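Chemist: Listed here are the chains, written in short residue letters.
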Amino acid sequence: MMKLNANIPDGPLEQKWENYKKKAKLVNPANRKKLDIIVVGTGLAGSSIAASLGEMGYNIKSFCFQDSARRAHSVAAQGGVNAAKNYKNDGDSVYRMFVDTLKGGDFRAREANVYRMAECSLNLIDQAVAQGVPFGREYGGYLNNRSFGGVQVSRTFYSRGQTGQQLLLGAYQALMRQVEKKSVKLFTRHEMLDLVVIDGKARGIIARNLDTGQLERHAAHAVILATGGYGKIYYLSTLAMGCNGSAIWRAHKKGAFMASPSWIQVHPTSLPQSGDYQSKLTLMSESLRNDGRIWVPKNKDDNREANQIPDGERDYYLERRYPAFGNLAPRDISSRAAKERIDAGYGIGPLKNAVYLDFSKAIKEQGKEKIKEKYGNLFDMYLKITGYNAYEVPMMISPSAHFSMGGLWVDYGLMTTIPGLFALGEANFADHGANRLGANSLLQASVDGYFIAPYTIANYLADEIHTGKIDSEQEAFKIAENEVNTKLNQLTDIDGNKTVDYFHKTLGKILYDYCGLSRNREGLEKAINDIRALRADFYKNVKIPKDMATVNIELEKAGRVADYLEIGELMCYDALTRNESCGAHFREEYQTADGEALRNDAEYQFISAWQWNGSPDSPILHKEELHFEFIKPIVRSYK
Amino acid sequence: MKLTLKIWRQKNQTDTGSLQEYKLDQLNPHMSFLEMLDTLNEQLIIKGDDPVAFDHDCREGICGQCGVMINGMAHGPLPHTTTCQLHMRSFNDGDTIYIEPFRSEIFPIRKDLSIDRSAFDRIIASGGYISTNTGQAPDALAIPIAHEVVEAAFDSAACIGCGACVATCKNGSAALFTSAKISHLVLLPQGKEERAARIKNMVQTMDKEGFGHCTNTEACQVECPQNISVLNIARMNYEFIRAKALEK
Ligand SMILES: Cc1cc2nc3c(=O)[nH]c(=O)nc-3n(C[C@H](O)[C@H](O)[C@H](O)COP(=O)(O)OP(=O)(O)OC[C@H]3O[C@@H](n4cnc5c(N)ncnc54)[C@H](O)[C@@H]3O)c2cc1C
Ligand code: FES
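These protein sequence lines are chains A and B, in that order. Everything in the first sequence is counted per the working numbering, starting at 1 for the first residue and increasing by one. Everything in the second sequence is counted per the working numbering, starting at 1 for the first residue and increasing by one.
By construction, these hints were calculated from the structure, which means they are not laboratory data. Keep in mind it's a predicted model, so treat the numbers as computed, not measured. One should not assume that every hint holds.
To be verified - Once the Cα atoms are required to be at most 30 Å apart in a straight line, the calculated DSSO-like pairs of lysine-lysine come out as:
#1 Lys498/A with Lys200/B
#2 Lys200/B with Lys543/A
#3 Lys11/B with Lys47/B
#4 Lys540/A with Lys2/B
#5 Lys21/A with Lys487/A
#6 Lys200/B with Lys505/A
#7 Lys487/A with Lys540/A
#8 Lys185/A with Lys47/B
#9 Lys11/B with Lys185/A
#10 Lys192/B with Lys557/A
As the list claims (entries may be wrong) - Per the computed footprint, the stretches of chain B lying under chain A, defined by three or more beta-carbons under 8 Å from a beta-carbon of chain A, are:
#11 67-76
#12 84-98
#13 122-130
#14 163-172
#15 206-219
#16 232-238
Note that beta-carbon positions come from the ideal geometry of N, C-alpha and C, so glycine has one too.
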């Protein structure tokens, strides 16, 4: 069995990254021009790495499926980005952020990676400000912070409720500056459909031009996947309609291992589902929990309007169960607590599938204007979508699939198990363990791209300077292109009687029911069978318009759903083989008497890394054991 | 609810295109406008017809990818609301709704309602940034920036690049879009260094792409989902004249 080597540098925790950088191989400026790099994805991770490598003088090709790089889903992040600047003088430090993140992830992440992320957070804020990102400031002109779940300091920097948009625009503008300088060539409306591997190394991709249907071959000395998360597998989620797992999945089938795919974060504060027609669940930022209080009625079937229910008859269940963190308990815990109340019959709203998020106390104490300044756009958005004014009545919220902690396995240098293939941002599994803390993933995507990968990719490319141009006429490219073509034709030839969305929604429902907020053996085994049956049905009965030469949105969706139908099965295997509860992975069989997660460090202190073995039904499990040298895993308590 | 839809259908950029009529019933008023189109498409696909192509991604008003003319209005009847955030409760049972792509020669139609807005990217590429390389930044607190200044910069930076301003302008001007970026950057101390070059390049690109001139009808700010103010255009004009004057 292949031994996974995370390639963590030696030395004390605080010096590992310094040591790596000191020893990393470099490529001199004259040689950089000879090296081609493909970057798939233009979110925070993709734009930042493409811009940074472009500035250094490499030849970059950058791909995204949207019509502009600026529309990658990083744009939708609302609440903020963490950094251990300690501008608030409230006891924050790189070390504390490292501890919070590791604990938040339930000790299922690598110490060295997490520490590096916290360390690089300092530079990120500087970088963003230099680019013109308008972070919120105090009247004296200094940067302001707010708090996010799972921590007791204020380390979250924000641009009103549009932090992701502003950070992404900073990275996008840096990218467009390189496009103008011709160091980056941009391919919007292009979808990567396969990875080309030659002699064991990543050497290029097959991409489809979504406007003309043309398949294209692109060759390079290294390929970077920054293709975001696959949480949209649940159909109803906070992700954009086009978010997908296809790029990483196709790389997986070419040899890249998938790590802990079942670790999916379900966000506690999104808008509840209201009907079958619904296509997404809009997120209401976690930052709202700074001032909003979560509750359900103490009495079952209390049909009074929220404002008619007196305080004494409300169950502020997070404050009750987790007094130390209250409404700012971490996401997995808050979501599960909401599900517990909803399942017990205390849910509110027409479908009894929601809980209240109430601002009346904050408005009374701070005034409406202050609340408006902090969250105005979120309240506006709530009004637009639901028709309710949250300054007057509490918001109704419920849990929704949101973020994939799992992703391609990468070593400390962010390289996958395929040499020359790197994965950055949400597409990798790296830093969040079994549960991501709020505002840590904009951070991770950004530092991967700005500060980490530029070193680690150079370290890899230093050995490629004599390789010469990679020729896309090689056999491997032809074979890959043919395979993609065959697969596309296979899909349109089915000509059945069900739409792609039908399959996507059905899969989402299976996963919510059996591989969502809580899981058990029986349910997971059933889900595996159901997914197999659904996949068979898909290949028999899906209906897709045949037109290959113009925009064919159904065909795009079908490719993504075909992959989801395989990823979903792997998620279930992953959840099934982990006989413990940790972070977002809650196995009902493994819980304490009062319903908290029961971790099993003796047997499960590892990252699962799955290898493709020719079919979705027979994945091979590898384990990367986690070693905690600097901090002892403790039972995670927010009580 | 029941609706009659008249939707612009066009196979590709060169096809002439025409309005086609569709009928839908049993719609839920809480559906979003795009979910209504999803419902239509489900029916078209099963019938073996080509579904209507339209742009969208985030469906929460921030990516700027959605946008159609609804009864002649960019993003439809609600002020400051993207197409994806519009809900069917804003219409009446039995309504006939005209749905067309955003109108502008500079935004060619790719198919049906889907358009190509890459001209916006080219405007940004010509100067819509602060020239700083990764790793060059000083500490974020090195330059304090007053609260009001940052908030004003944010108001301009909030633009989502949807193109409603262009679609609604009788001149097809991109002044609101371009000026929002100019203002965002020039308001901040970091952005002042390159102000002259930036404004000249961006305005030149705007003209080269073929966008029309602004004649101050202010229609753009009415439709803008982010409520970007036409005062940005005034600032852009000032910046342009300033840059030209300094040239002499
Ligand atoms: C609603 C919402 C709110 C959030 N709020 C916060 C927050 O407040 N703070 C925080 O830290 N995190 C937040 N997150 C999480 C965070 O936004 C994401 O994890 C992060 O932005 C991911 O960035 P990325 O660069 O990895 O991927 P993305 O920004 O998703 O970019 C993916 C890119 O890959 C491209 N792509 C994908 N597949 C293909 C393919 N096959 N071919 C070509 N291109 C492809 C896409 O076009 C896109 O350009 C939020 C997430 C959501 C959904
Ligand atoms: S779909 Fe993103 S703004 Fe409408």
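Chemist: Okay, which hints does this one fail, numbers in order?
Modeler: When the structure is compared with the hints, numbers 1, 2, 4, 5, 6, 8, 10, 11, 14, 15, 16 turn out to be violated.
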